[in-house]
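*Asks:* Read off the chains here:
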Amino acid sequence: MRVLLVEDDADMAESLRASLAADEHEVEIAGDGELGQSMAATGGYDVIVLDRMLPKKLGVSVVRELREQGVSTPVLILSALHDEDHRVEGLNAGANDYLGKPFSTRELLARVRALWNGRDRDVQTRLQVGDLEMDLLARTVKRGGKKLDLQPREFRLLEYLMRNSGQTVTRKMLLENVWDYHFDPQTNVIDVHISRLRSKIDRDFAQSLLHTVRGSGYRLEA
Amino acid sequence: MRPSLALLRTTTFRLALAQAGVVLMFVVALLVYVYFATIGQLVADSDVLADQEYAALERAYAEGGIRRLNQEVVERAARQGPLLYVLAEGNGLVVTGDFQQLPSLPGESVQRIDFGFESTDAEGAAQRGRARGKVGRLLNGPILLVARDLGDSEVMSGRITRVLWTVAILGVFLSIASGLIASWLASRRAEALASTARDVMAGDLKRRAPVRGEGDEFDALAEAMNAMLDRLERLMQVSRTAGDAIAHDLRSPLTRFRQKLEAALEAPADTANDREALRKALEEADSLLDMFAAVLKLARVESNPNWRFERIDASDILRELVDFYEPAAEEQGRTLRGEIAPDLFVNGETGLFTQAVSNLVENALKYTPEGGHIALTAARRSDGRIEIAVSDDGPGIAPADRDRVQERFVRLESARSSPGAGLGLSLVAAVARLHRGGLHLRDGLDNGEGKGLGAALVLPAAA
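First to last, the sequence lines map onto chains A and B. All residue numbers for the first sequence refer to our numbering, where the first residue is 1 and numbers rise by one. All residue numbers for the second sequence refer to our numbering, where the first residue is 1 and numbers rise by one.
It is worth saying that the hints were derived from the structure and are not from the lab. Treat the hints with caution; some may be incorrect.
Partial list, derived from the structure: chain B residues whose beta carbon lies under 10 angstroms from chain A [said to hold, decoys possible]: (1) L282; (2) D290; (3) Y325.
Stretches of chain B that chain A covers, calculated by requiring three or more beta carbons in the stretch to come under 8 angstroms of a beta carbon on chain A [stated by the list, open to error]: (4) 104-118; (5) 306-320; (6) 344-355.
Heads up, the beta-carbon is just placed ideally off N, CA and C, and yes, glycines get one too.
Let the hints inform the model, and build the full structure from the sequences given.
*Replies:* In structure tokens, the structure reads:
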């Protein structure tokens, strides 16, 4: 996909460009907020990755003005300020995701893909991955026609994985989107939740759907 | 400070000047009043008296002609008293009376007259006097003057005026003097505060403003200033120890980081080894970054007063935290149970509150041995505050160390082997303070051997 990277630090921009390119994205770079905004408005990008602190115009202002202009390209804000209030400010301005620095490259790549993937997710009422089906209205999950009994939290976890099926989701993404937690638990809490969910959806079936992606996170895939 | 000049600029002195001005204005008003009450009254009385005498003499003239008038005037002028008489011919030549000359020739009509005159007293000394009366031409020409000597009353009012001016000058002087003393006293105390501030600025953080115990406004100011200095000193202390601790705690991971990279570079090229070295260096970098993030977060909690507080459902958040950690605890062979009263509300910042409690739970998970028990309890206390406690039956912390572990970067020897920077409890304590509450460490769950550790967050309940 085509990614617009708006980042003023040339070293950082080059390193991110290389990572995104290695993940098979076509990357263009803007070095300041104003240039970034005009490129974003006209360039037809799939995802915009925007630094928060930019020369000429702040990332948050860029997003707000893009949204006012009717540009709905998904935006990920990168920021060294990742306290609750800054995150909320960024999301309120119209950003789709907010990632605090420092972050791992895998985290960034996973989120860029998730943004692209999730651009039209809200219309769905049924999700399906292989023979795993989720009815969002009836709040039921079936695999191979057999009803699975999930706790509410497991349901939300699975819903998030299904919405992002086929791509890697990181532990941080799960924490933020399923639990709305914005801190890093020191223990392997997420892994345990995943393994419990896995035992419910995969144990009695020959084909595993929930895969561990070493060093990154998890992927639900048929 | 140059007291003589500086004193004139003080607020108290300016107030004293204003007060002196008021005294002066009061005395002037009093003078005006005294004048009207004495001289004014006297003049009015004189006019009535002169009118009466003039009318009586007019009647005498009408009844007995010039001879009778002449006789009356001679008689009356001879009497002791304040009234003065003069009878003159139409051309102004005095016929008889108290004066040899008329002060002025009257016109056609009867008129009031106010004039000065010279007279001789009993010892023959010349005296200047003032008189006021009525002068006019009678039928066929003779001029009659009746007046009252104002001499005595003038003297009296002159004395009163002098007394009042003396009082006025004394009052102004006293106002200024008391103002000078008051401003000297005030500026001495203000100077004591200022000198404390200067000493503190010069680096003497222990210096405190003197409090006299009189409970006046200067004491209140000094107490507020001292409280501010206490807080300042504590913050300086904290940042100094934090600085030392950061320097110390950063050095070891940075050294390991450098050493790993160097070793990999020195060794002969070997992809597997290099990758392993890079992986380890990355781990060290991550732990350094985590530590920075923790320090920054702590600093933000402690120094930023602008958190968006809202009424949060603590019960709900705590139930979710138990729900979140319970599977991991079980996986690790520990039991986590929640005993959470419903509908506990606090005013707070959801993210910080959640993280504070999660820090306590993670600490308990980390330090409780396998098979241990952890309880997250939350209830409203009898004093109305909300107590959220994470208790375990682990090794606990000796009472003597319980305050110390809340300071940043403090890690007990027993904890040195486990990961962490010693910031977890500091953050919890800072979050508690931000929420107008506190963190209290105490005994935890008694398993028969040790006392365990109980970490209690006590926060005010939201209305």
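*Asks:* Holds or violated: the segment 306-320 of chain B covered by chain A, criterion of 3 or more residues with Cβ-Cβ distance under 8 angstroms?
*Replies:* Answer holds; 4 residues pass the 8 angstroms Cβ test.
*Asks:* So, B:Y325 near chain A? Judge it on the closest CB pair being under 10 angstroms.
*Replies:* Holds: closest Cβ of chain A sits about 6 angstroms from B:Y325, inside 10 angstroms.
*Asks:* Three or more residues of the segment 344-355 of chain B near chain A by CB distance under 8 angstroms?
*Replies:* holds (count 6)
*Asks:* Holds or violated: is there a CB of chain A closer than 10 angstroms to the CB of B:L282?
*Replies:* 9 angstroms, holds
*Asks:* How about B:D290: closest beta carbon in chain A under 10 angstroms, or not?
*Replies:* With Cβ-Cβ at 7 angstroms, under 10 angstroms, it holds.
*Asks:* Mind checking, does the segment 104-118 of chain B have 3 or more residues with a CB under 8 angstroms from chain A?
*Replies:* violated (count 0)
In this structure, only the earlier hint numbered 4 is contradicted, and the remaining ones agree with it.
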